[in-house]
Amino acid sequence: MKLNRRSFLQMSAMTGGGMALGFYELSWSSAQGLGKLPDLTPVSFIRIGSDGIVTIKAKSPEIGQGVKTMLPMMIAEELDVEWSTVRVEQADLDERLYGGQSAGGSTSTPNNWEPLRRVGAAGRHMLVTAAAGKWGVPAAECSTQAGRVLHVASGRTAAYGELAATAATLTPPTLDQVKLKDPKDYRIIGKSQPGVDTRAIVTGKPLFGIDVTLPGMLQAAIEKCPVYGGKVKSANIDQVKKLPGVRNVLVIDGTLALGPVTAPEPGMEPGIAIVADTWWHAQQARKSLKVDWDLGPGAVQSSEGFAKRAEELLKATPADKVRSYGDVDVALKSAAKVVEAVYAYPFLAHGTLEPQGTTASYKDGKLEMWTTSQAPGGGRALVSKALNIPEADIIVHLCRVGGGFGRRLMNDYMVEAAWLAKQVGAPVKLLWSREDDIAHDAYRPAGTHGLKAGLDAQGKLVAWQQHLITYGDGKRLAPGAGIGADEFPSGLAPNYALYTSAMPLMLRTGYLRAPGGNAYAFVGQSFIDELAAAAGRDPLEFQLEILSATPMPVQENRAKGPRDLNPERLKGVLELVAEKAGWANRKHTPGRGLGIAGYFCHQGYFAEVADVSVDKDNKVTMNKVWAVGDVGSQIVNPQAAESMAYGGVIEGLTQMAQEITLDAGRILQTNFHQHPLLRMRQAPPIEVFWRKTDYSPTGLGEPTLPPILPAVGNAIFAATGKRIRTLPLQRSGFSWA
Amino acid sequence: MPLELTVNNVVTTVDVSLDMPLLWVLRDILNLKGAKYGCGMGICGACTVLVGGRAVRSCMTHIGTVVGQPVTTIEGLSVDGAHPLQVAWEALDVPQCGYCQSGQILSAAALLAHTPHPTDAEIDTAMNGNLCRCGTYPRIRQAIHHAAAAGT
Numbered sequence: 028m029k030l031n032r033r034s035f036l037q038m039s040a041m042t043g044g045g046m047a048l049g050f051y052e053l054s055w056s057s058a059q060g061l062g063k064l065p066d067l068t069p070v071s072f073i074r075i076g077s078d079g080i081v082t083i084k085a086k087s088p089e090i091g092q093g094v095k096t097m098l099p100m101m102i103a104e105e106l107d108v109e110w111s112t113v114r115v116e117q118a119d120l121d122e123r124l125y126g127g128q129s130a131g132g133s134t135s136t137p138n139n140w141e142p143l144r145r146v147g148a149a150g151r152h153m154l155v156t157a158a159a160g161k162w163g164v165p166a167a168e169c170s171t172q173a174g175r176v177l178h179v180a181s182g183r184t185a186a187y188g189e190l191a192a193t194a195a196t197l198t199p200p201t202l203d204q205v206k207l208k209d210p211k212d213y214r215i216i217g218k219s220q221p222g223v224d225t226r227a228i229v230t231g232k233p234l235f236g237i238d239v240t241l242p243g244m245l246q247a248a249i250e251k252c253p254v255y256g257g258k259v260k261s262a263n264i265d266q267v268k269k270l271p272g273v274r275n276v277l278v279i280d281g282t283l284a285l286g287p288v289t290a291p292e293p294g295m296e297p298g299i300a301i302v303a304d305t306w307w308h309a310q311q312a313r314k315s316l317k318v319d320w321d322l323g324p325g326a327v328q329s330s331e332g333f334a335k336r337a338e339e340l341l342k343a344t345p346a347d348k349v350r351s352y353g354d355v356d357v358a359l360k361s362a363a364k365v366v367e368a369v370y371a372y373p374f375l376a377h378g379t380l381e382p383q384g385t386t387a388s389y390k391d392g393k394l395e396m397w398t399t400s401q402a403p404g405g406g407r408a409l410v411s412k413a414l415n416i417p418e419a420d421i422i423v424h425l426c427r428v429g430g431g432f433g434r435r436l437m438n439d440y441m442v443e444a445a446w447l448a449k450q451v452g453a454p455v456k457l458l459w460s461r462e463d464d465i466a467h468d469a470y471r472p473a474g475t476h477g478l479k480a481g482l483d484a485q486g487k488l489v490a491w492q493q494h495l496i497t498y499g500d501g502k503r504l505a506p507g508a509g510i511g512a513d514e515f516p517s518g519l520a521p522n523y524a525l526y527t528s529a530m531p532l533m534l535r536t537g538y539l540r541a542p543g544g545n546a547y548a549f550v551g552q553s554f555i556d557e558l559a560a561a562a563g564r565d566p567l568e569f570q571l572e573i574l575s576a577t578p579m580p581v582q583e584n585r586a587k588g589p590r591d592l593n594p595e596r597l598k599g600v601l602e603l604v605a606e607k608a609g610w611a612n613r614k615h616t617p618g619r620g621l622g623i624a625g626y627f628c629h630q631g632y633f634a635e636v637a638d639v640s641v642d643k644d645n646k647v648t649m650n651k652v653w654a655v656g657d658v659g660s661q662i663v664n665p666q667a668a669e670s671m672a673y674g675g676v677i678e679g680l681t682q683m684a685q686e687i688t689l690d691a692g693r694i695l696q697t698n699f700h701q702h703p704l705l706r707m708r709q710a711p712p713i714e715v716f717w718r719k720t721d722y723s724p725t726g727l728g729e730p731t732l733p734p735i736l737p738a739v740g741n742a743i744f745a746a747t748g749k750r751i752r753t754l755p756l757q758r759s760g761f762s763w764a
Numbered sequence: 226m227p228l229e230l231t232v233n234n235v236v237t238t239v240d241v242s243l244d245m246p247l248l249w250v251l252r253d254i255l256n257l258k259g260a261k262y263g264c265g266m267g268i269c270g271a272c273t274v275l276v277g278g279r280a281v282r283s284c285m286t287h288i289g290t291v292v293g294q295p296v297t298t299i300e301g302l303s304v305d306g307a308h309p310l311q312v313a314w315e316a317l318d319v320p321q322c323g324y325c326q327s328g329q330i331l332s333a334a335a336l337l338a339h340t341p342h343p344t345d346a347e348i349d350t351a352m353n354g355n356l357c358r359c360g361t362y363p364r365i366r367q368a369i370h371h372a373a374a375a376g377t
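Read top to bottom, the protein sequences are chains A and B.
If you're matching positions, the first sequence starts at 28 in my numbering and goes up one per residue.
If you're matching positions, the second sequence starts at 226 in my numbering and goes up one per residue.
Just so you know, not all the hints are guaranteed correct.
To be verified - Only pairs whose alpha carbons sit at most 16 Å apart, straight line, appear in this in silico EDC-like list of lysine to aspartate or glutamate:
(1) K719(A) x E572(A)
(2) K314(A) x E315(B)
(3) K232(A) x E315(B)
(4) K232(A) x D305(B)
Said to hold, decoys possible - Estimated spans, in silico, between C-beta atoms of each pair:
(5) E347(B) x K749(A): 29 to 35 Å
(6) D345(B) x E116(A): 38 to 44 Å
(7) D345(B) x Y213(A): 53 to 59 Å
To be verified - Some chain A residues well away from chain B (every beta-carbon gap over 12 Å; in silico):
(8) D224
(9) T240
(10) K269
(11) Q311
(12) S329
(13) R427
(14) D483
(15) P531
(16) I573
(17) A576
(18) D690
(19) G748
It is worth saying that the hints were derived from the structure and are not from the lab.
Beta carbons: idealized from backbone N, C-alpha and C, even for Gly.
Only chain A is shown next, with the shape it has when bound in the complex (with noise of 0.2 Å):
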């Protein structure tokens, strides 16, 4: 089946696309989905070659969390060849072809889910024409089986490998036309099939962004200023351009103007740039680079000083309301128990073990890019406007990522790649040190929150109050810094209030995997977990009274749909991990205890058991964790799947023990033994089960993170009596063993 241009047909516009700004969605009133379905058609995505091998192209970038593989499934499985027979090959960015090609948001599953499955019953159907068409009979007649067209009444059969120039050749259907599976029939999605780079993975094959190597290229690293936004005054770059290797010191003016509110992508950062022979001799020279910085006003700002004026913010009247209802101050008034916490937690870096870079190579006006971003048609829009190149003379490869986890939604590195190719005239591949990728990321927003609840003579929750103290400048608020008006329990409270107060921030923040519920899950179930046990009840049992409670109707009086908590699902998952965590005859050791938490983020529901021991020193060892999962009616990619609970749940435990922080504007975490992740034997056992509900199915990336936090703060509670409000865990006296 060759590529055939004239049978393209126009694109629509993908309300999932969702580029610039990112995917935590703070509104109601954000997309529902994707409501149309975009124009794809099947040659854009398959080939099929005489000798019956399917090549399928993978759409998104793959960041480890296996839609290279499970993509390409769902159409091999409703186009019916034999997985065997597939190829998979990545695409390269071209929205018009294959739709929206970010990773972010847990919305590869739940954006493709529909029209990829169409887009192989499409191929599916010519491939049927055809037969038809070339044995003279009903297509209706014609049915298919592993990469064979039948005609049954007649004994006749073809491959597809026989039919696909011809069918090619047809118009394809439009998606809204085709003929489904039955998921009874599937042979494919649902069986855990290997990841089709693993091979290349275990033997050393080139894949990364850090591996691309071409025809005369250069190497480059760039010296940012320690304060954010900081100006080059003077350097001695005549001095390090004699050194070993180097070819070119060039000044970035960089395009930043600091404000309150720092915007997802923010300009280019002054600096300066190495470009040598090999990353290594830009390196060595950076050793003996000497800059005169301008700070700039970023220079002011600490850690403590940000601690100060939470405190401050806190007592003081709210600035914005976030959602209210009923009266919270009757109500705790008249509450037979009132419970006040404060809870805070850190900045973050991504710590992508891949740090960021891209290679550029531009020549007679056309620019050819290699990038590891997650969202590279934003970065190819971006670096379009910042150099004046039109789109269409920008060619994006999309490579492995060695990690994502939302940084690479920011297309900094893309601005930064293209600038220095369109200055050196030779291709330039950049690459951000350790170092580099740690004081220049865009972090995870710190935040505290003072908590008010009211509990009846009965123990229920009568009242919630949440006052968020973040950053940015009255609404505006940094990316990131937001937190939802769905934020639980809204809506499930019978008298309710939400509030932010904010300050402002010289600093990039962004999208750390499960942005708002890597934070927000922590102190809202720890909460519950405090409230219940002030209450004299059981966790559980208090939190699925909570979820039984009659629902406030949607704020915009609009339909339900798959972003809006539905409590069954939730109750579900909890009570599934409840089950199988043998919640129900925990014992109560000291030094030894269990901790539950649930949440719905991205359109997933977990629920987490979390076993921990905890020792006379407050270190805290992790025996084991039972995960439940409610992603809708499948699990496309099982074993894949089940990677993307480990990975969620061993994220949010490294998460409870890093922390950024600030000195006059600095940045003082430095590398990893600054800014640690887990190791090997602190990972505990993880037993991952599905609950699979009648829904359509949604992503894994991020649902699987959330509870792990609190449930960890609640079994240390459990174990000790000491409660957990202040990430990370040094910071309340506790470690990881």
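Given the coordinates of chain A, assemble chain B onto it according to the supplied hints.
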């Protein structure tokens, strides 16, 4: 200065300064991209290769110190992925993003060469210096046991 190296059983001469890290000689001079850069400080283990059969952090190893010793990278661990660890890694679909995996496999190879049937505690110790950002630890452990069993 010209240095004679033996990498994956191939003798080759490179002309680099003595203090160039083995990692960058492998990646940028010999075009062997399997060993990765993750931290440059020997903390993460993504750069792990074998020198004389021992797992070393190539980002912290000056090239001058490996002259005369056999270097094995992931590319040279086997012909076409046939090492029991590579077979186990595939069977259990260990990698998520895959960036740390060359280092993980080589550290595991050094362990199994020394300790063919390691306990969980021995695995923990041997693999302690190989960080994984994605959380593949449970599968790595399983794959090491799988490979150890296959080796019997």
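Query - Hints the structure fails to honour - result: 1, 2, 7, 8, 9, 11, 13
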